[in-house]
Structure formats: structure tokens, C-alpha cells
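Trainee: Using the sequences plus the hints, can you model the full thing?
Letter by letter, the chains look like this.
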Amino acid sequence: VTIARPAAAGWALAAMMALALAGSVYAIPIQVDDSVDVIVRSAGFTSVGAAFVDGLYNSRTILRPLKQVRTKLLLDLGNALGGRYHAAFRGYHALIAALLIVLFVYVARVRSWPDVAALALALTVLTGMQTFTGLVREAYPVNHFLLIALYVLLMLAIARSRGGWIADAASIALFMIGTLTLESGVLLWPIAAAGYMAGQRGISRWGLAGMTAVAIGYVALRVGYLGMEGAQLGERATGFGAGALSSADQIQRFGDNPVPLYIYNVLMAAISVLLSQPESGQWTIVEAWRAGRVTPVFWVSIGSSAATTALIAWSMCGRAPSGHRRWTDPIPLVFLAGLAANAAISYAYAKTEIMSVAGVLYALAAFAATRELLGRTQRRGAAIAVAVLLACVASAWGVRSAGLHFKLRHGAFDARGEWAAVLPPDARDRWPHDPAIVALLTRMKQEAVMTRSATATALPRNYQRWWGED
Amino acid sequence: MAGRMARLTAALVAMPGIIVAVVFGVSGAARLISGRPLIWPPTDVTLSEAVALRDQGEVVRQIMMGSDPNKRYIVRSVFRDDEEVALTPLEAAVITREPYIVDLVVDYGASVNGRNAATLQCLAVGVRQETIRRYLVDLSGEADCEGVELPWRP
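Sequence lines, in order, name chains A and B.
Reminder that position 423 of the first sequence reads as 1379 in the numbering used here, one-by-one numbering, no gaps.
Reminder that position 33 of the second sequence reads as 555 in the numbering used here, one-by-one numbering, no gaps.
Each statement offered as a hint is correct.
Which chain B residues face chain A? A few, computed with CB under 8 Å, are given here:
1) 538
2) 544
3) 582
Treat the hints as calculated values from the structure; they're not laboratory data.
Ideal placement from N, C-alpha and C gives every residue a C-beta, glycine not left out.
Mentor: Okay, here's the thing in C-alpha cells:
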């Protein structure tokens, strides 16, 4: 009974957080930017197979055939629902976001009341992290970064299972699905390997061997068969120091030797998860400081991240009752491996969403560290200091988590507004020629515009000082 | 004593997360069920207010629902606190100083003609928006601001 009640409280908390997230995500209309072109393209495929094949060959640098397959399936679902594309696309996004919360709680395994408290904090860390915003605010039209984060948690759940051939087969299948969804899917391998090294046997050696074979096959498919290239220098703008480098700037400064830029990107990607700065490689606080505009959002985000990172580091350096260092426990080790691997794949340019897997694992590590701290018996003075410090940290993360919903309202406002430029009534010459596409866009525009959202420009400007410019 | 302190610490740690989860969870549930969240719900605005607030989606919705883009509507406390003024969507668009909003309102059926050209151009001069003034001149020809009464004091 003592285990069941805290577990039930944990699940109740998860349900509320999932509902909160699903409600805010579902309110965002289908976006025009990055989404409509993909949907229109999918409408041209006669079958799911055709969408998959097209996804194999339509780029020299990216291999995401399952992204196109999902788009095609959701478009077909929208058609089957009688033209309810919002329900299909946005419902799917909201569902995946809610599932992520549920899986997070499942992996955390709440057993006691202190665990419930640690979970409440960890859920605000998860949803308040800057790496999380892009997972739920953006859609392309399916957010593949969110899917990879979900697969990572699923992989951890398999790794913590009792194992068996079904678990091995599931992990291999999940790895295949992940790599064919987004390049970040390769992160599933080091995460599974780290879980194994930490003593989790849900995925056996044979399972890991199978995943390794899939990884080799993936590289062979990309490089050998499809002749694809990795991300190139100057592929997109990236932050550097207190400023940003355009593609041309990168080639001019690092064209002869891009290694220093790559090292900078990798290091800053890792630091951004630990400190909430830099943002996409750029130390925005420096610019804000120079301009005399260091708003509370900087102190809240950097302060909460620094304190949480210190807590995680303290926990990892400590010893478990059995005598081993805690960093070799499953959650800390998986976090370290995930952080390193995630930063490594960010070598070419900095982008907040790319680090989203490390962000999710950071929240799990925060859960483990807080649970550890709450479970300790301390002297009165130390206990009061810990209580005050943790209350401040938890409050700051609460502010950041609430800020996610504020940003999602802005996202809904922006996405709805984008539709004004689609099928402008006084410029029919700019409309597509295919009547079927016009009908599809007309329906999607009607749904987007009729989905009413808060007027973000009417919300108090002070909110942006605490939750950031959007 | 130590147990009470530990419980208090756990409660302090849990409280912010619980508050966020419950407040936004209930709001999210309301959004999923009724289409209207409890936190930051959509507010009712007139067409000119939607223009003034640069709410493009709402502008398009109201025009699609039959609002006349050439009529005058009340605008409350948008440009100045405690101000209530009757403006056409185009006048409100000019006052925003945002060319894309003026363009949007024109795209969705607002007319610039002999009757309102002078008012709009003089309003653009008043808010020091030369880009918008030139755009309006292109649509209706140059107008003289002499003796033109503006619907809003820049």
C-alpha cells in the first residue's frame, strides 16, 4: 500500500501535466512554414510506399523517409475524417507529447512520497527546458525531434524490462524506426549501450549486436548506396561567442580548417543543456548585458539550470550504499552518454532542438539527484539550507514550465496568422493551379483560422521579461 | 523533528510542479473539451481591434465570417490606455505602422478610394510611415492633407 499510493500520485501528476501539454499543443494550428509544403508534397504520393521511396532519394544530406510516411498517413487520416486535418496532425502531435510525459514517469519509477516530490520537480525541468519548447511548438508537420525523444524513453523502458527476445527485437526495430525518422535516431544506440554498461539487461548483448548491425547497415545505406553527405560547413547560420556566423562567415573564417568551429559547437551544445546558455551557440546574455537589458528570464533560466546541474553533479560524485559511484547508475550514466553523443552530432551547427534528447535525459538525472537528496537525513541547519535552496530551484523551474504554455500561445497566434498569406482572395494568380491542392489548402486554412487563440500581442508585455521574447 | 523537516522540504519541492500541472492541466482539459482554455483564452475583439493588435488570423476569420472590412469599428485601449476610438480596419492598420498589416487588410477587401485616400495618407504622415504612405499613393494617387480631419490623433 505504501508503494501504491505514491505511485498513484505520480501517475495523477503525469496525467495533469500530459493534459496541460496536450491542450496547449492541440491549440496550435497546422503551421504554414515547414509544414504545408510537406503536406502538399505528400498529397501527390499515391501510396505510403511511394512516400517512403521518395524520402530515400529527395535529399543529398538528410534521410528521413519515415517522416514522409507519417505525413502521408496523417493526411490520409485527415481525409478519412472528412477533411479534419487539424484533428489528424495536431491531435497526433498532442498525443505524442502526452505520451512522452507518461513514458518519462514510467521510466522514473516513483516508489515513495519523496519520489513524488522529485518527480514534480523533474516534470517542470522536462517541460521548462529550452530544448523542450521546440519539440511542442514546431511541427514539420510531424515533430521528428519529439518522436526521437519519445523513442529514447521507450528504449530506456525496454532496457529496464525483464528482457527476452521480444525486448531485443523491439529495441532493434525501434532503432531502425528512429534512424529512418531523423538522423538523431542514431542516439538510441549509445543510450542503449550505456544502459547495458550500467547493468540493465532488458536489452541483451544480442540485442545490442543487432542494433550495431543496423547502425552499420544505416551507414552503408546512407554513404554506400545513396551516396549521401554529412552536414557541411556553413550549412546554416550558427551562434559563435556573443554573436552569430552566417554561412558565408563560417566559410570565410573556418573554410581552411573547420575543426575549431566544430569543437566550439560540440562544447557549447553540451554546456547549453547544463546552463541554458548559450542559445544556439550564441551567448545571448552577453549581448543583453551590453545593451543593459538583462531581463529576469536570464536569471531564472541560468540560475535554475546552474543549481540543478550542481545538484546532479553532487549526486553523481557521491557513493551509493553498495559503495559504487552514483555516476555509474543507469540514469546518470545514460545521461552522460546521451549528453556526449547528442553534443557530438551537433558539430556542424548549433540548434536548440537537436539537443532535445539530452534535455529529456537531464530532467531524468534531475529526478534521480533530487530523490537522492530528499532521501538523506541531515542536521537541522543543513536541512533548512537544503529546503530553502530546493524551494527556490523548484519555484524557478515552475516559472519556466508555466512559460512553456505562454510560448505555445504565441506559437498558436503566429501559426494562425501565417495562414493569412495563403490563398489571398485578391491575388488568385498566386494560387496553385491544381484544384485538388486548392481544395486541400482552403480546408486547412479554414480550420486554422477558425481555431481561435489568445491574441498574443494583447498579453501583458511583462510576461516576456520572465518567459522570454518569442 | 527530522521527519517533519523532510516532509516540509518534499512539499516545497513538489508544490511548484503540482501548481503548474493542476492549473494548466485543468485549462488544457477545458481546451480539449470546449475549445477554450481557462488560462489565456481568446478574447472577443472587433475587426479594427484585431487589425490594431496585428492578429492576422482573427482579421481573416472575421472577414471570412462576413465582417465588412470598410466599416468603422470601436478600438478600445490598444493604441493608448483608456482610449476608445472608432476606426476602419485600414485606419487601424496605418496606425500600427506595419506595412504588412496594411497589405493584409487590402488583400482581404478593404478599398482605398477617393473617399478615404486623403485620411489614410495623412494618417501615415502623422505616424511618420513613409513606406505606407507611398503604398497608399500607389493605390489611389497623391492626396493633399490640407484641412483633412484625422480619426485618431497621432
